[in-house]
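Peer 1: Sequences listed follow chains A and B, in order. With the first letter of the first sequence counted as 1, position 113 gets the number 113 in the numbering used here; the numbers rise by one all the way through. Here the numbering used here runs 1000 ahead of the position in the second sequence, where the first position is 1.
What the hints contain is simulated information worked out from the structure, not anything from laboratory work. In this text, a Cβ means the ideal position worked out from N, Cα and C, and glycines have one as well. Please note: incorrect hints may appear among the correct ones.
Within a straight-line C-alpha distance of at most 20 Å, the following computed PhoX-like cross-link-like pairs (lysine-lysine) qualify [to be verified]: (1) K1069/B <-> K1003/B; (2) K1069/B <-> K64/A; (3) K55/A <-> K66/A; (4) K1052/B <-> K55/A; (5) K1069/B <-> K1109/B; (6) K1097/B <-> K1003/B.
Now the stretches of chain B that chain A is said to cover, found in silico as 3 or more residues with beta-carbon under 8 Å [as the list claims (entries may be wrong)]: (7) 1010-1024; (8) 1069-1079.
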Amino acid sequence: GAVVSQHPSWVICKSGTSVKIECRSLDFQATTMFWYRQFPKQSLMLMATSNEGSKATYEQGVEKDKFLINHASLTLSTLTVTSAHPEDSSFYICSAEATDTQYFGPGTRLTVL
Amino acid sequence: DAKTTQPPSMDCAEGRAANLPCNHSTISGNEYVYWYRQIHSQGPQYIIHGLKNNETNEMASLIITEDRKSSTLILPHATLRDTAVYYCIVKGTNAGKSTFGDGTTLTVKP
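This is chain A alone, in the form it adopts within the complex (with noise of 0.2 Å):
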């Protein structure tokens, strides 16, 4: 099946800071990506639907200007979390369309002290 990666597969960061996650489609490419989060004991959140060329698509209540995503090739997309808090403290995971199925990335633990 098609492999999709994240990097960091986790990182701690200083409250203020921001933090950048890579998600790339390993053996195919994806015009379309898309950012989860997941807190504890609950099921994953779409947050954004991130489009090869073009600006993301957020979903309600996500608020695009904490949370940029960029998707500037067809194997890569980033978000990055701007001005992280604790709140924000979360698994992060992406997933990459192929052939009308989407596959997942590891995740992403980000703890923010």
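The hints should help you fit chain B onto chain A, whose structure is shown.
Peer 2: Relative to chain A, chain B alone:
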């Protein structure tokens, strides 16, 4: 996308078949049924999907009722490593995003 309903939890004995049900009574004609699972602290793993015919792959079988209002994921010989949260998702091929419900926590016991 159509909403799905799954039992919150199920147990299964190791080596036995695990049958996970999913109700999707408002499914549209062009919507597929997808199954994913998420093992603790990992990203969801694709298992199988189908439109109206039963499907089988190396991981599982998917049985969709004739009226397409429900489906069952079958893990033929469950192992301890199959313990995970299983998500049933319904979406059209052009819808892109997948909307996750609460899923079913399957616990395989020795």
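Peer 1: So if I understand the rule, the pair passes when the alpha-carbon distance is 20 Å or less; does K55/A with K66/A pass?
Peer 2: Holds, because 14 Å separates the two Cα atoms, which is no more than 20 Å.
Peer 1: Please work out if K1069/B and K1003/B have their alpha carbons no farther apart than 20 Å.
Peer 2: Satisfied, since the Cα-Cα distance of roughly 11 Å is no more than 20 Å.
Peer 1: Is it true that the CA of K1069/B sits at most 20 Å from the CA of K1109/B?
Peer 2: Violated, at roughly 30 Å.
Peer 1: Counting residues of the region 1010-1024 of chain B that have a beta-carbon nearer than 8 Å to any beta-carbon of chain A, does the count reach 3?
Peer 2: violated (count 0)
Peer 1: Closer than 8 Å Cβ to Cβ for three or more residues is the test here. Does the region 1069-1079 of chain B pass it with chain A?
Peer 2: Three-residue rule not met by the region 1069-1079 of chain B, so violated; n is 0.
Peer 1: Regarding the pair K1097/B and K1003/B, is the alpha-carbon distance no greater than 20 Å?
Peer 2: Given pair K1097/B, K1003/B holds - Cα atoms ~14 Å apart, limit 20 Å.
Peer 1: Does K64/A lie within 20 Å of K1069/B when you go C-alpha to C-alpha?
Peer 2: Violated, at roughly 37 Å.
Peer 1: When you check the alpha-carbon spacing of K1052/B and K55/A, does it fall within 20 Å?
Peer 2: violated (35 Å)
Hint check: violations occur at hints 2, 4, 5, 7 and 8; the rest are consistent with the structure.
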